[in-house]
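Listed below, chain by chain, are the residues.
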Amino acid sequence: MAQELATFTRPLAKDASSALSTEDLRVHYGAKEALHGVSLNFERHKITSLIGASGSGKSTYLRSLNRMNDTIATAQITGKIMYRNVNINLPQVDVYEVRKHIGMVFQRPNPFSKSIRDNITFALERRGLKDRQKLAEIVEQTLKQASLWEQVKDDLDKSALALSGGQQQRLCIARALAMKPDILLMDEPASALDPISTANIETTMQELKKDYTIIIVTHNMQQASRISDYTAFFHMGQMIEFDQTRRIFTRPQVQLTENYVSGHFG
Amino acid sequence: MNPKRTDKIATTIIYVMATTIVVILIALLLYIFFAGIKTINWHFLTGAAKSFQAGGGIGAQLFNSLYLLVLSMLISLPLALGIAIYLSEYASAQKVAALIRSMIEVLSSLPSIVVGLFGFLVFVINFHLQFSILSGALTLTIFNLPLLVRGIEDALQTVSNSQREAGLALGLSKWETVTHVIIPECLPGIITGVILAAGRVFGEAAALIYTAGQSAPPLNFSNWNILSLTSPLNPFRPAETLAVHIWKVNSEGLIPDATAVSAGSSLVLVVVVLIFNILARYLGNKLYKRLTGE
Numbered sequence: 001m002a003q004e005l006a007t008f009t010r011p012l013a014k015d016a017s018s019a020l021s022t023e024d025l026r027v028h029y030g031a032k033e034a035l036h037g038v039s040l041n042f043e044r045h046k047i048t049s050l051i052g053a054s055g056s057g058k059s060t061y062l063r064s065l066n067r068m069n070d071t072i073a074t075a076q077i078t079g080k081i082m083y084r085n086v087n088i089n090l091p092q093v094d095v096y097e098v099r100k101h102i103g104m105v106f107q108r109p110n111p112f113s114k115s116i117r118d119n120i121t122f123a124l125e126r127r128g129l130k131d132r133q134k135l136a137e138i139v140e141q142t143l144k145q146a147s148l149w150e151q152v153k154d155d156l157d158k159s160a161l162a163l164s165g166g167q168q169q170r171l172c173i174a175r176a177l178a179m180k181p182d183i184l185l186m187d188e189p190a191s192a193l194d195p196i197s198t199a200n201i202e203t204t205m206q207e208l209k210k211d212y213t214i215i216i217v218t219h220n221m222q223q224a225s226r227i228s229d230y231t232a233f234f235h236m237g238q239m240i241e242f243d244q245t246r247r248i249f250t251r252p253q254v255q256l257t258e259n260y261v262s263g264h265f266g
Numbered sequence: 001m002n003p004k005r006t007d008k009i010a011t012t013i014i015y016v017m018a019t020t021i022v023v024i025l026i027a028l029l030l031y032i033f034f035a036g037i038k039t040i041n042w043h044f045l046t047g048a049a050k051s052f053q054a055g056g057g058i059g060a061q062l063f064n065s066l067y068l069l070v071l072s073m074l075i076s077l078p079l080a081l082g083i084a085i086y087l088s089e090y091a092s093a094q095k096v097a098a099l100i101r102s103m104i105e106v107l108s109s110l111p112s113i114v115v116g117l118f119g120f121l122v123f124v125i126n127f128h129l130q131f132s133i134l135s136g137a138l139t140l141t142i143f144n145l146p147l148l149v150r151g152i153e154d155a156l157q158t159v160s161n162s163q164r165e166a167g168l169a170l171g172l173s174k175w176e177t178v179t180h181v182i183i184p185e186c187l188p189g190i191i192t193g194v195i196l197a198a199g200r201v202f203g204e205a206a207a208l209i210y211t212a213g214q215s216a217p218p219l220n221f222s223n224w225n226i227l228s229l230t231s232p233l234n235p236f237r238p239a240e241t242l243a244v245h246i247w248k249v250n251s252e253g254l255i256p257d258a259t260a261v262s263a264g265s266s267l268v269l270v271v272v273v274l275i276f277n278i279l280a281r282y283l284g285n286k287l288y289k290r291l292t293g294e
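Order-wise, the sequence lines are chains R and E. Sequential numbering of the first sequence, starting at 1, is according to the UniProt record's numbering. Sequential numbering of the second sequence, starting at 1, is according to the UniProt record's numbering.
Do not rely on the hints blindly, as some may be mistaken.
For lysine-lysine, the following BS3-like pairs were computed, each having C-alpha atoms within a straight-line distance of at most 27 Å [stated by the list, open to error]:
1) E:Lys174 - R:Lys100
2) R:Lys100 - R:Lys130
3) E:Lys174 - R:Lys130
Note that these hints are calculated values from the structure, not bench results. Bear in mind the structure is a predicted one, so any value in this text is a computation, not a measurement.
One chain only, chain E, in its complex shape (with noise of 0.2 Å):
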């Protein structure tokens, strides 16, 4: 076989490869697109859940999503801005980096069940925080802080060298040219990085089944006392997410239409998930753009 022979039927397999991924993804996509998408209406998706009945909603369900990620984000995002800056710009002890690094790795690849009973065992029966918001996201932080880290350590890493030289030069302090120099820098990155990691806590069920609970308590919108249990933003009651109310409604739910809830609310899921990434992508490229005036 010649050189130029063999070129060809490899370039063909590898596209062949390539292609499958397309595939797959276009398959998925409009599977759960046409299972779901008689499902969806204004009533589902603002609706309260059925125990017994079939026409349930989730719109406690998806709030109880955006909630928790929110809450989850604001107890990683700092944690997270403070070890990759350590790691990316303070850490002078290599081997302490590298040790943290690795922790980092074998955090990221615990099963997200065992994350999840792990803050069973901690935040709901130990500090007695019960079936909660809390717990949930406080069991998402230790799942979602490998990934925010490795990202925001990324995008630290991209800033070239010269420009923390230049801030140094200037008579600028360390922290200084970290926050006022290669944050800005890398803000595009850090963002992408924060919202990718978003989109997959907001699909996570494994690690919130016991943590956040199994059940949604009706929730009434204008009710703003945060110790209420049926007040939205009250961080003490139970919360099942949409991934969790997936798993319910498929493994012990009693509804009659639970082929169609659960299609639905993978609809949704899969939605908002894939709206995180566009949004990643466009935000980025366009705060990208303007900081550096192309």
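Looking at chain R on its own, in the form it has when it is part of the complex (with noise of 0.2 Å):
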């Protein structure tokens, strides 16, 4: 059994809407309860991060809301996920639809080893989308949200796979905004990257966050800080706190929280 932890979550401000909230989440991983019941709120168009050390289930929980966590047999995920008003987590819902709409980002770059070009047509081409000015203008379009157009708008034919970790980062992302998703879940987008290509995607996510809601994961408690309008700290498996990412850095209301931001542990 979780043992019953202190917790506080604050509320969305009242003009805020919303544009994605779980109610009482919980996810078995065979027998074991993995993630104990979370209840979040997302406001549109703003960065939350998600912290709390490893095996604290925040990745659990981020990828449960496109409902990537289907793809491991033993996983079995309860409770609501509200999107427009629809409860996502219903078995007769669409999951490829529903990962049309909330798109997401890797930990580590995975571009298909395609060409630059192919990598972002190659799902709309699958959904029909042959139009090749159409699906240019796509290319163009995202990866200069990206951030990257500059840098490979003469090689688009080469290989995605020859481009530097970062490059192949953003190229994620930018596959990702080419399916027109409303939301963006981003887990630990820049572990792998150095300090220069973290600073570039940092950057990128402040521009996306104007037509986005970003949802992301991350170990770095800086990063968190400096991107982020909202943070939830996670932690074995529950969602202690939730408040906006100030408040969290400088008044957390649980002393839990209190200890991990200041570094106590994780």
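The two chains are supplied separately, each in an independent frame; assemble them into the complex guided by the hints.
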């Protein structure tokens, strides 16, 4: 049984509109409960950081939001995930459709071994978009959004695997944006990158925030405090505290959060 | 004995052992080459086999081997692809997958003569397919399937899981991810596996003796009527392959130049199998470079 921990969740401001919310979201791997009922509300066009030590359940939670945990045979996800007034955690929901609206960028850059252009257009073409002109526009637009256009505009037919790690990650962001998602989930997108690439990605995220709602898992507390509007702290499969980022880092309401953000553990 | 000395001795012994395999292969190839090269000429490669006199060729046998290979690949490749994709991508019940895998292991360890006799009973006798290319191709499929499945599954498994996630996270279905992300990614590996299996099948004799038959009716390469006995494309005609021919002239052949014919045939067989192997490596590397843009 999970031990009872003190928790604190500050609701979003009254005029804030919600892009996504969860109610009592639980994840079981076999008989073991890995996530103990998380209820959170994500504000539109804001960045929310999920922080916590390894194994705290933050990645498990993030991967539940676009139903990626469905791919794990032993995983069982219960509770509600509300997106546009629909509970997308129901078996009859088309997960492929969900993932078009809720895009994802992974910890390690995972471009396809195709050309830079094809990495972006491939999924669109599978969706039936054949118009060359339109596809070219989307390639340019998304690469610009991911701040990669200037570096690769002359090499669009080159293999994506020839790019550096940071460039590959930005290509993965562009690829996710091409599907025109509402929400972008990022699972430690900068943890495999050098500081300069990390800074580039963070700048990119600030730009993206105008059009997208971003939920990011990060190990790096400086990063969370730099980039995010809201922060949720996870500990041992439980969501301990959710608040505006500056409050989490300056005046947390729960002792455990205070211990974590001041570096006492984790 | 000090550790340095022990290491030196062990290294030497291991080197000698490793050299053995090289020596065996080279000795074998050299022997086959020099024994067979005298017989090889255009007439031998394209001419018809003789039953009693010297100077027969292996044209029909060579064609039969290739045709049988193509036909059995046409049957076994789609099957193997399906099985491998199931095992690697879809099998969620690990017990079922493990059961299928162990069945494939057993199937691949069956002696080929046993598979051949099974093919004889089932395809030749029971399904009235007679001694024919089709019987042979179906029997070879049984023989070939485990090799192909394992080769393709291994290739699929080399693709990182992050590629599957990338596809799914873009809203692609599992099938789209498999066919448009995973398979292109490991296509070089799949092709290598297929060609290597083809090499094994090409040299197979025991499974074909009682299925494709031991006689090679003369072929007329201008006859395109696939139901005619002399048409090379007729899948219902008996067809002695190169490997079966080698066995036949040595065991019950009546031709005076049996030694020369079998030596020449062996050389052709080995060269073709070598070409398959080299082709597998070459194509695999080339495709990989092209796909990854290195």
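Consistency of the hints with the structure:
1. E:Lys174 - R:Lys100: holds, 14 Å
2. R:Lys100 - R:Lys130: It holds: about 18 Å lies between the C-alpha atoms, which stays within 27 Å.
3. E:Lys174 - R:Lys130: Between E:Lys174 and R:Lys130 the Cα gap is close to 22 Å, so the pair holds against 27 Å.
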